[in-house]
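The listed protein sequences derive, respectively, from chains F and R.
The first sequence begins at 1 in my numbering and counts up one residue at a time.
The second sequence begins at 131 in my numbering and counts up one residue at a time.
A portion of the hints provided could be inaccurate.
To be verified - On the chain R side, residues computed to face chain F include the following (Cβ under 8 Å): (1) Ile174; (2) His189; (3) Thr208; (4) Leu216; (5) Gln217; (6) Ser248; (7) Arg254.
Just so you know, these hints were derived from the structure itself, not from any lab.
Please read these numbers as outputs of a predicted model, since none were measured by experiment.
For glycine and all other residues, C-beta sits at the position ideal for the given N, C-alpha and C.
Here's the letter readout for the chains.
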Amino acid sequence: MPTARPLSPHLQIYRWQLTMVLSIIHRATGVALAAGTVLLIALLLALAAGPDAYQTVRAFCASWLGMLMLFGWSWALCFHMFNGLRHLLWDVGWGFEIPRAYLTGWTVVAASLVMTALIWACVFAQGGAA
Amino acid sequence: MSAPDLQTPLKRARGLGSAKDGTHHFIVQRITALALIPLTIWMITLVLALVRADYARAHAIVHHPFAAVWLTAFVIATFWHAQLGLQVVIEDYVRSRWLEVTAQLAVKFFCVVGALTSVLAIVRIALG
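Please put together the full structure from these sequences, using the hints given.
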């Protein structure tokens with residue numbers, strides 16, 4: 001759409017700040033999680049199909065690529081859930097003040113990292129995946 | 131000088147779609163988000179229980195009626211929420227109309243087939 005009207009400054013112009021970074025990450029993790037559902041489908045299909053198929057999926061999950069994907073996916077899930085909660089609080093009108101938006105933003109970052117660490121602590125406490 | 135506009139506001143609005151479902155997308159996205167908070171936390175505990183499980187044990191875990199029901203709810207809410215979210219991302223960033231329509235259809239088909247596949251797999255595990 002060509003237009004003569006002035007355009008708003010874009011990402012290259014704005015100074016990077018926490019609130020916009022979290023907004024971008026929220027979308028990125030959402031897209032990544034949607035892609036990650038392929039693994040969920042594969043797991044359920046394998047479990048429905050039988051031991052051989054299940055073993056294949058387990059072996060993939062235990063491979064370095066599988067572990068990397070699961071690790072990224074687990075953090076994306078934690079982040080998207082906590083930041084989603086932040087969005088729901090905004091939806092009811094709470095937390096729009098700048099200091100509060102920053103406080104909840106850093107809280108989301110910390111909570112997502114702590115929860116991811118807890119999840120993987122549970123995995124390795126069991127002796128690792130698969 | 132152009133002719134005076136004799137159309138009423140109602141005439142101008144007619145045919146452009148009802149405003150009654152304008153917030154539908156927004157509301158369903160929030161409802162599925164709300165549902166997904168407890169479902170996701172439960173799902174994480176389920177996956178952690180599967181970490182060291184062999185086939186028989188994993189099958190038994192998902193076979194349990196409680197697990198099968200919550201897993202079905204998780205899967206439906208997940209694909210529904212994913213479709214709504216991806217739709218907005220495509221609306222915002224894809225500039226070519228052709229590409230946009232194609233991507234929207236692809237996302238809808240993927241999410242519906244993904245949900246159906248998952249649910250039928252769960253049913254087979256639950257009844258098997």
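Going through the hints against the structure:
1. Ile174: Holds - the Cβ of Ile174(R) comes within 8 Å of chain F, reaching about 6 Å at its closest.
2. His189: Holds - the Cβ of His189(R) comes within 8 Å of chain F, reaching about 6 Å at its closest.
3. Thr208: holds, 6 Å
4. Leu216: holds, 6 Å
5. Gln217: violated, 11 Å
6. Ser248: Check passed: Cβ of Ser248(R) comes within 5 Å of chain F, closer than 8 Å.
7. Arg254: holds, 4 Å
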